[in-house]
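Given next are the chains, with one letter for each unit.
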Amino acid sequence: MDLIVSQLLTGLSISSILMLVALGLAIIYGVTGVINLAHGEFVMLGAYCAWLLQTQLGLGLIVSLIPIFIILCLFGWIIEAVVIRHLYDRPLDTILATWGIGVMAQQVVRLLAGGELRYVEMPVSLSSSVNILGATESAYRLFVLFIALGLFVATWYIYRKTTFGLKLRAITQNRAIASSFGVNSSRVYRMTFAYGAGVAGLAGALVSPLKSVSPEMGTTYVVDAFMVVVLGGVQSLFGTMASSAILGELSGLLAFFSNDTVAKAVVLIAIVILIRFRPQGLFVARMRS
Amino acid sequence: MLGKISTQIIIYAIVCLALLIVPVFLDDAFLLNKFSRYLVFAILAISLSLSWGYAGILNLGQAATFGIGSYCMAMGLKLRTIPVHTGSDGLPDFMVWNNVTELPFVWQPFHSMTFSLLAGIFLPAIFAGFLGWFMFGGRITGVYAAIITLAAMVVLNLLIIDQQAYTGGFNGITDLAQFDIAGITFDAYSASTYYLVAICLAATLFAALAITRSKTGLILQAIRDQEDRVRFFGYDVARYKTFVFMVSAAIAGLAGMLYTVVMEFASPTFLSVPLSLSVVIWVAVGGRQSLLGAVLGALLVTGVQGTLSESEAFLDTWTLIMGGLFVVIVLVMPKGLAGASEMLATRFFAKEASSRSITSQQEIKASLERAS
Chain C
235 MDLIVSQLLT GLSISSILML VALGLAIIYG VTGVINLAHG EFVMLGAYCA
285 WLLQTQLGLG LIVSLIPIFI ILCLFGWIIE AVVIRHLYDR PLDTILATWG
335 IGVMAQQVVR LLAGGELRYV EMPVSLSSSV NILGATESAY RLFVLFIALG
385 LFVATWYIYR KTTFGLKLRA ITQNRAIASS FGVNSSRVYR MTFAYGAGVA
435 GLAGALVSPL KSVSPEMGTT YVVDAFMVVV LGGVQSLFGT MASSAILGEL
485 SGLLAFFSND TVAKAVVLIA IVILIRFRPQ GLFVARMRS
Chain D
459 MLGKISTQII IYAIVCLALL IVPVFLDDAF LLNKFSRYLV FAILAISLSL
509 SWGYAGILNL GQAATFGIGS YCMAMGLKLR TIPVHTGSDG LPDFMVWNNV
559 TELPFVWQPF HSMTFSLLAG IFLPAIFAGF LGWFMFGGRI TGVYAAIITL
609 AAMVVLNLLI IDQQAYTGGF NGITDLAQFD IAGITFDAYS ASTYYLVAIC
659 LAATLFAALA ITRSKTGLIL QAIRDQEDRV RFFGYDVARY KTFVFMVSAA
709 IAGLAGMLYT VVMEFASPTF LSVPLSLSVV IWVAVGGRQS LLGAVLGALL
759 VTGVQGTLSE SEAFLDTWTL IMGGLFVVIV LVMPKGLAGA SEMLATRFFA
809 KEASSRSITS QQEIKASLER AS
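Going down the list, the sequences are from chains C and D. Here the first sequence stands for residues 235 to 523, where the numbers follow this note's numbering. Here the second sequence stands for residues 459 to 830, where the numbers follow this note's numbering.
With the rest of the complex left out, here is chain C:
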């Protein structure tokens, strides 16, 4: 029993990290159609911000989440204004341009912070472990899970219940018509990109105590996050959540029976087969076309 629970918890922990990273990517991709290969670098920058705030200003991780979100939002805002806005009618070129941005971000970090691994300390209040139905789980991982769910709910609320979300959905359905009704689509796009970058930064900050922080850390996340988004179905927030849950649990389970590498390979093959037969993803957002 406790073995099953602990397996489930391991899977959930992987899922929550996957969702944190994929959420920002899904928002940006779903709304603007930009394939942001620099997303992993946004995550990496978030982790470095956490490290910087902790070592330079002595800020705890939880306190620094808000400044990190704001910093990354600003960063995303600038990237959109300088590069991305020229590329909305060339979606495949966004892959190239954002990859270039990612390379630059990595190198800037390497120059400023050094190439060696960095470590972020876990908040003291969360460094204990919790007993759930006989299985132990670190409190911090549960905290990450709750934050991930909270961010998901917040994003869903913005998307579904606010005027901004309404404009956003209008643009996603038909940019030209939404614009002719007076929606400032370029402003909405820019805010979406900034928000996505901010969420990526939060993901990076939250992951930083669990994994070592390095300039290259983003590359591994971006491939995984892409798989989540594609599997879940573009433009479906619930799809993103569900597919990160599925992938997380599946990876946890397969890793239990074999090893991490084989688990990853099997999960990737499963995704490839799924894309082949359901390119629209597992969960399709209902839309009028």
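Quick caveat, the hints were computed from the structure, so don't treat them as lab data. The beta-carbon is built from N, C-alpha and C at its ideal position, and this holds for glycine as well. Do not take every clue at face value.
[Claimed, not checked] Derived, one-sided and incomplete: chain D residues facing chain C with beta-carbon distance under 10 Å:
hint, residue
1, Gly600
2, Val601
3, Asp774
[As the list claims (entries may be wrong)] Far from chain D by the CB rule (all over 10 Å, computed), these chain C residues:
hint, residue
4, Leu330
5, Gly336
6, Arg344
7, Pro357
8, Ser413
9, Thr453
10, Pro513
[Claimed, not checked] To list a few chain C residues with every Cβ distance to chain D over 10 Å, as calculated:
hint, residue
11, Val342
12, Ile392
13, Lys401
14, Ile480
15, Asn493
Got chain C sorted already, so can you dock chain D onto it with the hints?
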């Protein structure tokens, strides 16, 4: 039209000749090795230009087929070394370290160099053929095709690293014999290897040019521009795409084999995400819809990369510069350098061309009047 074709062929031939005579002026083993490496990347760029530029398939896993070719060559050459560290039955050293007692059956045929060479071309093609059949049969295009190719490559990479006993794992396959065929030994640091690579490059370039100029090539370009329309005309789009995907993979496999000869090892980094994306970069910089553009793009980017990364002043900043240049090129030159130079050329000759078009209009008018 005929005039245009022959000008293009002449330009291609001049570039190939220029690349072939380099060793006459250059007598530096280290530089020759470096230039051979750049030429290998140029072949890899041709392979992507063929599938991406001409058929519209953005393959983010191009390094997968490159890596397969590279490993085939490495396996063939590994079995020709006399093991230094361990001696039984010519078993590769890393297998002994991993407690493998007998040569795995997958390795057996690589005792034959002919088999290794053929495998280096055909295994990537078969791999691509399977992947292409799988994707294009289901009408997977654009971003989804890109993601599937990327995922396929990551799986291959993971498996190679995981199966350390059979593939050398992270370390790859090192300590290889020198490639020799028909009595010529190809030392990686000699002109002979450079010539081998340069001749392969020229041959590949003209073979690819022939394909793009054939009817199949025209259909592929039509598929790139308007896939549905070509389908409505009754063409089996999936078959054409799979074909070009396989040819592209075979060329990438050839490049991989040459890379092993030049580098004297094979490594999982040869089929990794960074290399795959680099190929895309070279082709995008050179101009994806021009084979020669892809070649020059690869030579330019890798050349600049090599020079900057070796110079004292740019040691730390060269990646930054490369990334920035790349973003600028994507923004202002969507068709790469080839597209930009073409545009400049048309602007330069615009006067002449417009006057010519007026005369042709007049000719048409005259002939219409005659006909009526």
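Now the hints, each set against the structure:
1. Interface hint status for Gly600 of chain D: upheld, as the beta-carbon distance to the closest one in chain C is roughly 7 Å, under 10 Å.
2. Taken as an interface hint, Val601 of chain D checks out: its beta carbon lies about 6 Å from the nearest beta carbon of chain C, inside 10 Å.
3. The interface hint given for Asp774 of chain D holds, since its Cβ lies 6 Å from the closest Cβ of chain C, which is under the 10 Å cut-off.
4. Residue-level check failed: Leu330 of chain C sits 5 Å from the nearest beta carbon of chain D, not beyond 10 Å.
5. For Gly336 of chain C, the requirement that its beta carbon stay farther than 10 Å from each beta carbon of chain D is not met, with the minimum near 8 Å.
6. Not every Cβ of chain D is farther than 10 Å from the Cβ of Arg344 of chain C; the closest lies at roughly 8 Å, contradicting the non-interface assignment.
7. Separation of Pro357 of chain C from chain D is adequate, the least Cβ-Cβ distance of about 33 Å exceeding the 10 Å criterion.
8. Against the 10 Å criterion, Ser413 of chain C stays outside the reach of chain D, whose nearest CB is about 23 Å from its own CB.
9. A beta-carbon of chain D is positioned within 10 Å of the beta-carbon of Thr453 of chain C; the least distance is around 6 Å.
10. Distance check on Pro513 of chain C: its Cβ comes as close as 5 Å (rounded) to a Cβ of chain D, failing to clear the 10 Å threshold; non-interface status is violated.
11. Distance check on Val342 of chain C: its Cβ comes as close as 7 Å (rounded) to a Cβ of chain D, failing to clear the 10 Å threshold; non-interface status is violated.
12. Every beta carbon of chain D lies more than 10 Å from that of Ile392 of chain C, the smallest distance being close to 25 Å; the non-interface claim holds.
13. Once the 10 Å rule is applied to beta carbons, Lys401 of chain C is consistent with being away from chain D; the minimum gap is 25 Å.
14. For Ile480 of chain C, the non-interface assignment is confirmed: its Cβ lies about 16 Å from the closest Cβ of chain D, beyond the 10 Å cut-off.
15. For Asn493 of chain C, the non-interface assignment is contradicted: its Cβ lies about 7 Å from the closest Cβ of chain D, within the 10 Å cut-off.
Hints 4, 5, 6, 9, 10, 11, 15 from the list above are not met by this structure, while the remaining hints are.
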